[in-house]
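K.L.:
Take a look at the letters that make up each chain.
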Amino acid sequence: GEDVEQSLFLSVREGDSSVINCTYTDSSSTYLYWYKQEPGAGLQLLTYIFSNMDMKQDQRLTVLLNKKDKHLSLRIADTQTGDSAIYFCAERAGGGKLIFGQGTELSVKP
Amino acid sequence: EPEVTQTPSHQVTQMGQEVILRCVPISNHLYFYWYRQILGQKVEFLVSFYNNEISEKSEIFDDQFSVERPDGSNFTLKIRSTKLEDSAMYFCASIGGETEAFFGQGTRLTVV
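Chains as they are written, first to last, in my numbering: chain F, 345 to 454; chain X, 6 to 117.
It is worth saying that the hints were derived from the structure and are not from the lab.
Idealized CB from N, CA, C, for every residue including glycine.
Possibly wrong hints are sitting among the right ones.
[To be verified] With the C-beta cut set under 7 Å, the calculated list includes, among others, these residues of chain X facing chain F:
{"no.": "1", "residue": "34"}
{"no.": "2", "residue": "58"}
{"no.": "3", "residue": "62"}
{"no.": "4", "residue": "66"}
{"no.": "5", "residue": "106"}
[Said to hold, decoys possible] Just so you have them, the derived chain F footprint on chain X, three or more residues with Cβ under 8 Å:
{"no.": "6", "region": "21 to 31"}
{"no.": "7", "region": "67 to 76"}
[Stated by the list, open to error] Under the rule of at most 27 Å between Cα atoms (straight-line distance), these lysine-lysine pairs were calculated in the BS3-like manner:
{"no.": "8", "chain 1": "F", "residue 1": "411", "chain 2": "X", "residue 2": "47"}
{"no.": "9", "chain 1": "F", "residue 1": "453", "chain 2": "F", "residue 2": "411"}
{"no.": "10", "chain 1": "F", "residue 1": "412", "chain 2": "X", "residue 2": "47"}
{"no.": "11", "chain 1": "F", "residue 1": "453", "chain 2": "X", "residue 2": "88"}
{"no.": "12", "chain 1": "X", "residue 1": "88", "chain 2": "F", "residue 2": "414"}
{"no.": "13", "chain 1": "X", "residue 1": "47", "chain 2": "X", "residue 2": "88"}
{"no.": "14", "chain 1": "F", "residue 1": "400", "chain 2": "F", "residue 2": "411"}
{"no.": "15", "chain 1": "F", "residue 1": "412", "chain 2": "F", "residue 2": "400"}
{"no.": "16", "chain 1": "X", "residue 1": "62", "chain 2": "X", "residue 2": "83"}
{"no.": "17", "chain 1": "F", "residue 1": "414", "chain 2": "F", "residue 2": "400"}
{"no.": "18", "chain 1": "F", "residue 1": "380", "chain 2": "X", "residue 2": "47"}
{"no.": "19", "chain 1": "F", "residue 1": "414", "chain 2": "X", "residue 2": "62"}
{"no.": "20", "chain 1": "F", "residue 1": "400", "chain 2": "X", "residue 2": "83"}
{"no.": "21", "chain 1": "F", "residue 1": "414", "chain 2": "F", "residue 2": "380"}
{"no.": "22", "chain 1": "X", "residue 1": "62", "chain 2": "X", "residue 2": "47"}
{"no.": "23", "chain 1": "X", "residue 1": "83", "chain 2": "X", "residue 2": "47"}
{"no.": "24", "chain 1": "X", "residue 1": "88", "chain 2": "X", "residue 2": "62"}
{"no.": "25", "chain 1": "F", "residue 1": "400", "chain 2": "X", "residue 2": "62"}
{"no.": "26", "chain 1": "F", "residue 1": "380", "chain 2": "F", "residue 2": "453"}
{"no.": "27", "chain 1": "F", "residue 1": "414", "chain 2": "F", "residue 2": "453"}
{"no.": "28", "chain 1": "F", "residue 1": "400", "chain 2": "F", "residue 2": "380"}
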C-alpha cells in the first residue's frame, strides 16, 4: 500500500543547513510535497516537485528527488530559529489524495 | 495568495452531539478533501470530493461522517454523533488542476 516515512527529529544550529529526508512507496506518484506546520497552526505548503524532475530550488529551499530509490529530501540553507517547526513530506497518490509522512520535528538552536 | 478558509477555528462539543465543520475552498478549484490529525500523529486522509460526489473515502470515514457542498462555495464535514476519539484537528484542502494542494488553517475539534 501507499506509505511515506520520515525520521522524527532533527536538531541543527542556526546558520547550518538542514536536510530532512523522506521515503515513499507509490512509484506512480505524480507530485511530492513539503509542508511546514508550526505549533497549533495549519499546513503551509512550502514547495512541491513533479515526479519527472530531479531537483527544484526555491530561495533557501532545495528539493532533491531520487525516483529510483523513492527518496525525497528537503534542504534548508542558512537555517534560522524561525524555521523550527514540523515538516511533512507528502506524495500525491491515486485519486489525488495526499499521503503524509509522520513529520520531522526540526529544532534550530541559536 | 489564494487561501482555503475554515470555520470555526476551535469547536468544543459534548459526546453524542452533531458537529458541522465548514470550509471555503479556493474558488476555481475542483477537488476537495478532508483530513484529520489526532494530536501528535500523522495527517490522515478522510475523503475526497469531486463533481458533487465522494470520489474516495478512507476506513475512518464511516457512516457517522458525511460531506456536502450545499452551494457553490462551502464544503462541509458533518459528524453525526461525536465520540471522544473524534477529537482532532480537521483540515480541508483543495486542489486546482494538477499541482498545488492548499490546506486551510484547520478546525480543532474537542469532544468532551
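K.L.:
Checking hints one by one. Is residue 66(X) an interface residue toward chain F, by the C-beta closer than 7 Å rule?
P.N.:
12 Å, violated
K.L.:
Verify the proposed pairing of residue 47(X) with residue 88(X), using a straight-line Cα cut of 27 Å.
P.N.:
19 Å, holds
K.L.:
Does the interface hint hold: is residue 34(X) within less than 7 Å of chain F, judged Cβ to Cβ?
P.N.:
11 Å, violated
K.L.:
Do the alpha carbons of residue 453(F) and residue 88(X) lie within 27 Å of each other, as the hint requires?
P.N.:
40 Å, violated
K.L.:
Hint check: residue 414(F) vs residue 400(F), CA-CA at most 27 Å. Holds or violated?
P.N.:
Cα-Cα ~16 Å, so holds.
K.L.:
Given the hinted pair residue 414(F) and residue 380(F), is their alpha-carbon gap at most 27 Å?
P.N.:
Holds - the C-alpha atoms of residue 380(F) and residue 414(F) are around 21 Å apart, at most 27 Å.
K.L.:
Does residue 88(X) pair with residue 62(X) here, judged by a C-alpha cut-off of 27 Å?
P.N.:
Distance ~19 Å between residue 88(X) and residue 62(X) Cα, so the pair holds.
K.L.:
The region 21 to 31 of chain X covered by chain F? Criterion: 3 or more residues, Cβ-Cβ distance below 8 Å.
P.N.:
Check failed, 0 qualifying residues.
K.L.:
Under 7 Å, Cβ to Cβ, is where residue 58(X) needs to be relative to chain F, so tell me if that hint holds or is violated.
P.N.:
It is violated, given that the least Cβ distance between residue 58(X) and chain F is near 13 Å, above 7 Å.
K.L.:
Keeping to a limit of 27 Å between CA atoms, is the pair of residue 411(F) and residue 47(X) held or broken?
P.N.:
Given pair residue 411(F), residue 47(X) holds - Cα atoms ~23 Å apart, limit 27 Å.
K.L.:
What's the verdict on residue 414(F) and residue 62(X), does the C-alpha distance respect the 27 Å limit or exceed it?
P.N.:
25 Å, holds
K.L.:
Check the hint pairing residue 400(F) with residue 411(F) against an upper bound of 27 Å on the C-alpha distance.
P.N.:
OK: residue 400(F) and residue 411(F) at ~14 Å, within 27 Å.
Checked against the numbered hints above, the structure breaks hints 1, 2, 3, 4, 6, 7, 9, 11, 12, 20, 25, 27 and satisfies the rest.
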